[in-house]
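Engineer: Each chain is listed here by its residues.
Protein chains: 2
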Amino acid sequence: MIGRLNHVAIVVPDLPAATATYRDTLGARVSEPVDLPAHGVTTVFVELPNTKIELLHPLGEGSPIARFLEKNASGGIHHVCYEVDDILAARDRLKAQGARVLGDGEPKTGAHGKPVLFLHPKDFCGTLVELEQA
Amino acid sequence: MIGRLNHVAIVVPDLPAATATYRDTLGARVSEPVDLPAHGVTTVFVELPNTKIELLHPLGEGSPIARFLEKNASGGIHHVCYEVDDILAARDRLKAQGARVLGDGEPKTGAHGKPVLFLHPKDFCGTLVELEQA
Numbered sequence: 000m001i002g003r004l005n006h007v008a009i010v011v012p013d014l015p016a017a018t019a020t021y022r023d024t025l026g027a028r029v030s031e032p033v034d035l036p037a038h039g040v041t042t043v044f045v046e047l048p049n050t051k052i053e054l055l056h057p058l059g060e061g062s063p064i065a066r067f068l069e070k071n072a073s074g075g076i077h078h079v080c081y082e083v084d085d086i087l088a089a090r091d092r093l094k095a096q097g098a099r100v101l102g103d104g105e106p107k108t109g110a111h112g113k114p115v116l117f118l119h120p121k122d123f124c125g126t127l128v129e130l131e132q133a
Numbered sequence: 000m001i002g003r004l005n006h007v008a009i010v011v012p013d014l015p016a017a018t019a020t021y022r023d024t025l026g027a028r029v030s031e032p033v034d035l036p037a038h039g040v041t042t043v044f045v046e047l048p049n050t051k052i053e054l055l056h057p058l059g060e061g062s063p064i065a066r067f068l069e070k071n072a073s074g075g076i077h078h079v080c081y082e083v084d085d086i087l088a089a090r091d092r093l094k095a096q097g098a099r100v101l102g103d104g105e106p107k108t109g110a111h112g113k114p115v116l117f118l119h120p121k122d123f124c125g126t127l128v129e130l131e132q133a
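These protein sequences, in sequence, are chains X and U. Last residue of the first sequence? That's 133 in numbering that gives the first Met the number 0, and every number before it is there in order. Last residue of the second sequence? That's 133 in numbering that gives the first Met the number 0, and every number before it is there in order.
Same shape as in the complex, but just chain X (with noise of 0.2 Å):
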């Protein structure tokens, strides 16, 4: 059922630090940081030949990741993204498994434009899992 690993995305305290470590240090390809106030998160997209690592940073009252800065003051992983043909049969699969996706289980519009949901990390090896329809 899934497929790419679409990205990684990594909470950092300090964006342009994190850009800079990334860019300077990692000689890596870095986007310029882009805001998406509706996920409450500001991203820097780092390019790898096969895969992109998503570094977030919160946007705005109420970030989704804030709680994860409080808890991880150096930042670190938040979640492994894989991409699926249907989101909505994939979620119906795991649903029917006994998984359990996060929210009110339908899609939202995700940081590409595209369909995403959240799985359980209690149901994945202590990992957040988010599906996005390819």
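Quick caveat, the hints were computed from the structure, so don't treat them as lab data. Owing to the predicted nature of the structure, the values given are computational and were not obtained by experimental measurement. It is possible that part of the hints are untrue.
Said to hold, decoys possible - Computed list of lysine to aspartate or glutamate pairs in EDC-like fashion (alpha-carbon distance at most 16 Å, straight line):
#	chain 1	residue 1	chain 2	residue 2
1	U	Lys-94	X	Asp-23
2	X	Lys-121	U	Asp-85
3	U	Lys-51	U	Glu-129
4	X	Lys-94	X	Glu-105
5	U	Lys-113	U	Asp-85
6	X	Lys-94	U	Asp-23
7	U	Lys-121	X	Asp-13
8	X	Lys-113	X	Glu-69
9	U	Lys-94	U	Glu-129
10	X	Lys-94	X	Glu-129
11	X	Lys-107	X	Glu-129
12	X	Lys-113	X	Glu-129
Using the hints provided, position chain U relative to the given structure of chain X.
Structural biologist: Here is chain U on its own, set in the frame of chain X:
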């Protein structure tokens, strides 16, 4: 400098259960478990079209991931591994920029039989980074 994302490593408390989650629930292709006594882990490789997920479980006494599992009973993402063309050149560039290389700074032979190094999480956005010579 960094190239492909070689893998994401996820430490899991129950390797057969985690394998079943990735194989049956998420529908991915998974390997048989592979014991790596020199690394103190048993690994299952999850093959995605563009990269790998490595499920890790402690093997033997003094496994380097035992403490992680004590702190993260449900498991969690342990590290990301980026490929580099020349690991000694990469190390020297990183050290020249003040980044900390773990251990004695000499590459070890990693899970894929290639030279690897680990970088200090505090210097890389709270993320343990492995470099593997491609």
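Engineer: Each hint should be assessed against the structure and marked as holding or not.
Structural biologist: Hint check results:
no.	hint	result
1	Lys-94/U <-> Asp-23/X	holds, 13 Å
2	Lys-121/X <-> Asp-85/U	violated, 38 Å
3	Lys-51/U <-> Glu-129/U	holds, 14 Å
4	Lys-94/X <-> Glu-105/X	holds, 12 Å
5	Lys-113/U <-> Asp-85/U	holds, 11 Å
6	Lys-94/X <-> Asp-23/U	holds, 13 Å
7	Lys-121/U <-> Asp-13/X	holds, 13 Å
8	Lys-113/X <-> Glu-69/X	violated, 29 Å
9	Lys-94/U <-> Glu-129/U	holds, 15 Å
10	Lys-94/X <-> Glu-129/X	holds, 15 Å
11	Lys-107/X <-> Glu-129/X	holds, 11 Å
12	Lys-113/X <-> Glu-129/X	holds, 12 Å
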